[in-house]
Structure formats: structure tokens, C-alpha cells
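Residue numbers (the working numbering), protein chains in the order written: chain A, 1 to 300; chain B, 1 to 371; chain C, 1 to 401.
These are computed hints drawn from the structure, not numbers from a lab.
It cannot be assumed that every hint is accurate.
[Said to hold, decoys possible] The calculated lysine-lysine pairs, modelled on DSSO-like cross-linking and capped at a C-alpha distance of 27 Å, are:
{"hint": "1", "chain 1": "A", "residue 1": "K88", "chain 2": "A", "residue 2": "K183"}
{"hint": "2", "chain 1": "C", "residue 1": "K291", "chain 2": "A", "residue 2": "K287"}
{"hint": "3", "chain 1": "A", "residue 1": "K294", "chain 2": "A", "residue 2": "K168"}
{"hint": "4", "chain 1": "B", "residue 1": "K152", "chain 2": "B", "residue 2": "K363"}
{"hint": "5", "chain 1": "B", "residue 1": "K61", "chain 2": "B", "residue 2": "K29"}
{"hint": "6", "chain 1": "C", "residue 1": "K289", "chain 2": "A", "residue 2": "K294"}
{"hint": "7", "chain 1": "B", "residue 1": "K329", "chain 2": "B", "residue 2": "K52"}
{"hint": "8", "chain 1": "A", "residue 1": "K287", "chain 2": "C", "residue 2": "K289"}
{"hint": "9", "chain 1": "B", "residue 1": "K29", "chain 2": "B", "residue 2": "K67"}
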Amino acid sequence: MDYFVELFFSGLTRGSIYALIALGYTMVYGIIGLINFAHGEIYMIGAFTSFVVASVLSIMGLPLLAIIVLAGLAAAIWASAYGYTIEKIAYKPLRNAPRLSPLISAIGMSIFLQNYVLLAQTSNFLPFPELIPDFEFLEPIAHIIGTTDIVILLTTAVSMIALLILIKFTRMGKAMRATAQDKTMARLVGINVDRVISNTFIVGSALAAIGGMLIASHVGQINFYIGFIAGIKAFTAAVLGGIGSIPGAVLGGFILGLTESFATGYVSSDYEDVFAFSLLVLILLFKPAGLLGKSSIEKV
Amino acid sequence: MKAPIMKTLLAATVSMTLAMSAQAADTIKLGVAGAHSGDLASYGLPTVNAVKLVTDEVNAKGGIDGKQIELLIEDDVCKPEVATNTATKLVSEGADVVIGHICSGATKAALPIYTSADILVVSPSATSPELTQSGDYPNFARTIAADDVQAKTIVDFALDELGVSKIAIIHDKGDYGKGLAEFAQAYLQSKGIEEVLFEGVTPGAVDYSAIVRKIDRSDAEAVIYGGYHPEASKIVKQMRKKRMDTAFLSDDGVKDDTFIKVAGKDAEGVYATGPRDNTTNPVTIAAREAHKAAYGDDPGAFYDNAYAAALAVVAALENAGSTDLDALKKAMQENTVDTPVGTISFAENGDAVGVGFTMYQVKDGAYVQAK
Amino acid sequence: MNFAEIRRALGVALWFVFLTFPLMVIRVDSIESTIEWRWMNMLWVAVGSFALSLLTSWYFRRREAAVGKVSDKPPLAVRLRTWTADPARRLPLFGALAAFAIVFPFLFSSYQTNIMTTALMYVVLGLGLNIVVGLAGLLDLGYVAFYAVGAYSYALLNTHFGLGFWTVLPIGAALAALFGILLGFPVLRLRGDYLAIVTLAFGEIIRLVLENWNDFSQGPSGISNIERPALFGIELTLNQSITYLYFLMLLMVIITIFVVNRLQDSRIGRAWLALREDDIACQAMGIDKTKTKLTAFALGATWAGMVGVIFAAKTTFINPASFTFLESAIILAIVVLGGMGSILGVIIGAFILILLPEYLRALADYRMLAFGAILVTMMIFRPQGIIANVRRTYQFTRKDA
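Chain A extracted, bound-state conformation (with noise of 0.2 Å):
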């Protein structure tokens, strides 16, 4: 049973990761319809930004409270100012194009992005500083989870909670979910639908970054190749849930992460991956629209 639980927590913490990055897979498509795949290396960006703005404050010797709140904020603005300039440049151009053409855009930033990091900062493995001690009261349970595991659980429901408030109830939330649902309606009572699109590429960054920082600092590496991989299975997971759902790709994401650490678990970590996308196989050929999609009717 204990194996179980264990089992159970890693995947909810890989699963967060997912969620937080799947996020921006989802909004972005909910409202371009465009597969961002350019989205893995901004969360690759928050994370290098965490760990240089971290690095530099603790080589000033601010408290240990002050570099997380700072580098949490650097990465999550950063990493929004990425999206937000990707956007304008390889996808607004783009906006009338062939479906398939911002995909290759998307293509070529995420290759772009990640040699420009290569180059700007090095090829190799940096240390990425212990932003998170270890709790004394959870040494007990420490076998079990770890203190990063319970951040990173933690960090993620405020944020989802954010961004759900921030959906439903903030005028920008309304503003999202109309173009997500009609752009030329959205256009006609007056939304300003290229800010909605740069806000939406705004927060998915943002969630990304901090997605980054987390498991940055739960590993303790980094390198300019980490968003490719979290990229792929992020998107695994938004498409799971359902593509352009929110609660989707939260719970897509879980759903991966549980299904990779039990795979490991009790089958073998060989085929880890291929579980993962078997079942995404398995659940596109009952439900085709994902878990929570809304299979929508076509019309000719």
C-alpha cells in the first residue's frame, strides 16, 4: 500500500508539471487554434531565468524568501515577454495563413529558442540553486514525499485557482472565453481580440515559467534542451483532456503523469512512454474530442 502511495504522489507531481505547461497548450488553441510548439522552450526560458536571477540575488546574499518570490516574478514576466513577442512575430503574421503554416513557424522558434539559449548562456548542465529546504516536520513522511513535491502540488492548485478566477470572473476572462468562441463575434460587440491573444499567450507563459522553476529546483538542473521533451508530453496531455479545455488539460495531465509512474512502477520503465501514449490512443478512439472536448457537429 505504501508503494502505492508513493507511486500515486510522484505521478500527481509530474502530473502538476504537465498541467502547468499543458495550460498554455490549451488556451493558445482554444483561441488561434495553433499547436504552439514553441511553448516547451518558453518554459525552458522561465526556468533559466529563475536560475539566473536566483543565482545572481543569493550571490548578494538576499534572504532565501526574497530570491523565491524574485525569481518566481523574473521568470514569470520573462517568460511572458517571450510569449508575447514569439507571438507577435512568427504567429500574428500568420493569423490568415494556411492552418499549417504557423505549426512550421512554431517549428522553427522552438529550434530558434533553444540555440539561442545554447549560445547565450552554455550547452552545459548548470546546478539550478535549492530554492526549497526541507521541511523538519515532514522528515517523517520524507520517504514518502518530499518537501519539492509538496510546493510544487501546492503551487500548482493557487495557480490553477488563479487562472480559474481569472476566467470566470475578471472582464479579460470574459473577454478570452468569447473569442475562444466565436473570434468575429468576439470582434463585432467590441473585444479587442489581438489583446486577448497576447494576454492568452501572457498567462500560458507565465504558468509555464513557473511550471519550470518548480521542477528546476525539485531536479536540480537545468539545460537548454528540458523544454522539448516537457513540451511533447504537455501536449500529450492538453489533447487528452481535450484540446482548447482548461479542466481538460488539468486533468490530462494528471492522468499522464499517474499513468507514466504506475507504468513505471509496477510494469517497467522501458515502456514508460509508450503506455503513456497508448492510452492516449486508447481514450482518442472512444471519446475522439478527449476527456472533457466538446466534439464539435460539422455542417456543410
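Knowing the structure of chain A, use the given hints to seat chains B and C on it.
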């Protein structure tokens, strides 16, 4: 209309080729091939630095027999299909000797091309035993020990020195890591011991807590890990986070100072195999200081091996007095060179002789030879 | 050049200075606790983005000014088609192209021939994927799986049973087609991007199985010493064999172009187009959707299987690392960049995307950075692809009696 264009084109190409071969006489062309971009760039770039440092020094002293060494640096991204392009490019450009490639897979794909052009290839990091043991590649040499030697060292150390019998073998599914893990498994089984766990982890996955929990449950007393340091440090960190004190033994890919930097205090007590103790070796110290002076940071993976390969190639060129493959091979087999990995010469099959392999352990933030 | 543009460029420069500040300017060594401030980089970013911004606004101003004038000209593809339709131009053009292709390996070094062969391989891969994506409109992100099937069929059949290249070529093609159908069945119900992710998953599953199932595929250490194709039983030297493979690929490209061209105009080709435009309407017209989709997958996969066999024969060593998602993405980029559905476009796309990274080697470390940037730039300036596919239109001109 068409014919004159063709003629001019042809003439241009011919004169270009002539110009190139005329130039070739003045310099010795040393190819450097490996992953210089993509996910494995951090294993390929240190080799470029090492070779640059060695050749700069040689050139500053007037070159070899008055000839300067010219570097041809080519990226193969560690992919077999790109490696064949890289190899044909180096051959077309008239490379005399090649240092590379970095990954075993890329090396295997590229070697037949060099073999047919009789070009000596010295790899700092391709560890697949097949490369030297199959006899297919007479022009190949390396300054790193083969997987099977490493695996044997690790397993012997675990059984005899640590006295453990429950061993989990983990690898990174890559050609280097999985190859090593399989040799370790086979060697362990030949001693009548069955491993308690044999699994691969996905490199680059966001975390490894599930596999760490599985290791914990298997009651392993020691983990043998085949692969590179990024995954190793993730696994070790998560093992220590779970308060597991299982011994962790690994290979050359982990015996890298980056591992200690990244894993921090959790690196303490980790074992890894590497070339014989070289902390007192003046060549090693000089090589590392040269890197620090030139690039401002510590060298990365396989730097020592690459530096050794470059020194060995330079020595062979000096001793042989030509770039002929047989002469070079003979020179490498007959003479010894002082390198960062020890005083080495090369065996008939291309493996370096004298690269002593021993076990290291991290103590107080540095690798020291394990007793 | 006016004041507003300069002010805008200044704004852009400031923004990029801010954007690149943490990564370009600061470099920390957290072990030694040292911070390196690279202020020069900030200057470069500022100057570079200022210049680029001026350049783009100049470009867009010019393009806007030109809008009214160019619009009455037909698109590039149509102009090309009408231009080449004239037999007086057509023959010398094709003749010159063919002559150049034939003398190519004798003019240039074996390296040039080798990368040209690679480019030709991607031409065929692009044309194969074009059937699935460009014609039938099914987004396939796991195309590389079929390429892997072909490569591994030759590698395994050759090492275990000693089967030759020519025997395996059709076998590899057939196996790939079979896998195409295998993938096709479960995804029949899926649409658009859901289809994309399932094909991506399929590609990854194939690669992971090859990586993990040692007894079958020798795992990540791969299969080496695969035979190069022999010419009527004659052993070739390396250089001869590079030339031979080049001509083989050239022949293959010609066959592929011919077949794909005929397919486009066939009954099934028209069915694909109908499926791409609207699958409900297509069904309503009485087209068997299942059959149409499956043939698209199978025929697309066939080419990948054949190129896979040639790939294994060319590199003589294969391992799963060659068949990653990025490879699928590059092939897809060839199709989209070239212009979906256009054969000429795909050919140009393949040459650009495969030869570019090779010629960019001169840029050393900046190679892949430039590649990514060029991909984005090309998409921005030609979103519909280099040769946009234009629907054929038939015009009846009334003759005045």
C-alpha cells in the same frame, strides 16, 4: 549555348580542386567531428576546445615539420545519417586525421567512409566494444576504455570492495548507457548473480521519482547506472531525497566534475569509473589550466580524453613524419605519449594501452580514487 | 524612412534589450559565485534589433505600396505553369536540368554528391507525406515511423537472412504500407489536430519499441555493417557507391514524381482532394471515406518505406536515434514550406531544408540558430509556401463566330 557554360563550370571546378590540393601541401588537416549542436552538444563541444588548445600550441611552436595544423570542425549532431555526411565532407576536404566522433552510433556510421579513404580516426568517447574488437575498422583508435572493461570494473568493485549482492542496473536507453548496462548484467550473471532490477529511464524526463521508488522497493544495496551525468544526478538527488543510502556506481559519463556541481552535496559517496588517478599528473593539470585560461570555465565531458587524443595524434604525426595511415598506426603503437589520461600507447586493435581504469568516489566535492 | 518608423525601431530595440537582458547579459557561475556582465551583448542586441526593425518596416511599406499594382498578376505557380507549358521552352529547360543532374556527381566532390543524395531522399519523403498531408489533408506528425519500418526491414533482413537490397526494396515498401493501414484504422474517426497527436504517438511508440526490444532490433546500439547495394553483383568502392546511390535516388525521384503526378489526377487523387476540402461533403458525394483515408496512409507510407531501405543502405548503420519526432517535423516543414499539394514546391522545399543546414556549416555554432530563424522568416513571408498550390481552373473562351 549550354556547352560553354558547362566548360566554364568544369574549368572552375578543376581549378578549384587544384587550388585546394596545392594548399593541402602546406598544412596538415585535422578533422574534428562530433555533436556541436542539439541535445548532446555538451558532450561534443569540450572536444573542440581541447583540440583547439593542443593545436594552437603546436602551431605556435612552428607546427609539425614546419607544417601548420589546420582544423576542420564539423558537426554531426550524434546522428548516424548526419555523421556520414560529415565524414564524406571531411574526406572530400582532404582531412589527414580525424578526432571524433563523439557517440558510438555516429562513429559506427562514419567509420566505413574513413576506412575506405585510409584516414586515421581517434575518438575520445566512442566506447562501443565492437569498434575495436570486430576488426572491421583498422583505422580506428580511442583514448577511452571500452564499455565491457568499464562494466567489469564496476561490477568487480561492487562485489569485492562493497561486498553487495543485490544490485539494480539502470540505464538511459542510449547506445552508451544501455550497452554498458548490458555488459554489467552479463558479467554479473556469469558470476552467478541475478540483478534485482534492470530498467531504462527516459533521458530528459521531468523527474525520476517513480523509478527511484522502484529501486527502493527492490531492496537493492547498490545501483549500477549506465549513462551520462544529467540523469545520474537527477536519480541520485531523488534517492537521497527519499532518504535512501543505496550505493550508486556509475561510468565514465558520470565521472565528470559537472556531476558534482549539479548534484551538490548529494554527490557525496557516489562511485564512478575513470582513467587512473590523474590529479597529480602534470599534463592533466596543465590541460585543465589551459582551458580555464582560454575559456574561463572548467572543461566539460570527455575533455581529458579529447586532449589525450589530440596529443596522441600530434605525437604520431611527429614520429611518423607523414600522414600515411600505416606509418601513423605504427608510430602510435611503438611510442608512448604523456597525456591527461596517463602515459599511453595503442594496441593493434586501436584501444589505448595504459589508460588505467579505476574506481573513483566523490569525497568533499571532488573525485578521489576509491580505496 | 520617417520619424515614426525610427521611433518605432527605437521602441523595438529597447524591448529586445529588456527581453534578452537576463540570458544575454548575465552569466553566473553558481559554484564559484561569480557574475559575468556582458554589456557588449546588450549593445549588439540593441543595434541589431534597431536595424532589423527598420528593415522590416521598410519592407512592409514597400509591399503595401505595391499591393495595387501586382494583384492583377497571376500567382507564381500559375505563371510557372503557363511558362513551362510552352514546349519550346519546356524541352531545353528539362534537358538542361537533366544534364546538370547527370553530370553532377562528376563535377562535384563526393561530399556534395552525398548531401545531394540526402536531399533527393527527402524529396521523395516530402512527396510521400504530401499525399497524406497535402492531398488528403490528414495531418501526420509520425511519418518518420514508416521511414523507420523501411530502414529496419532492410537492416534486419540483410543481417539475419542476407537478403539483398533489391529484394528488400519492395518488401520494405509493402511493410511500410501495411503499417500505414495499421495506423489508419484506429484514426479513421479522428479529425485535425487529434489525428496529429495520435500519429505523433504512433511514431514515438515505434521508435521506443525499437529502442527497448533488444532481441529484435539490437536496441540503441543499432545495426551496423549493412550492405551497400551492389551493381549487378559488382562490388563498388565507396566513391562509386556514393555515385551509384545518387543515380538510384535520381531515378527514384523521377518515378515518384511521375506516379504522384498521375495519382493526383486519378479517381483516388480527386477523392483525396475532396476529403481534404470537406469530409462531410465528400462522403455525401458517395466517396468511401474509409477506403480513401486508408489508401492515403498506405500510399504515403510506401514511399517512406522505400526511402527507408535506401537510407539503411546509404548509412550502413542505423539506430533509433535517427527516427525522432524532429525528423517528422522536418519532413512536414518541407511539405508546408514548399507549398502543400504542389510537387515542384515540395522538391524546392526539400532542397532548401536539407541543403541549408549543410551549407550553413560555415556559420559553425550559429548553424541551427540560423536554421530556426530562416524557417520562421520564410513562413512569415510566404505563408502559403514557396509554390502555392492553385486549384486548377478551366476557362472556356467563347469563340466569336
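What hint numbers does the structure not satisfy? Checked against the structure, no hint fails, so every one of them is satisfied.
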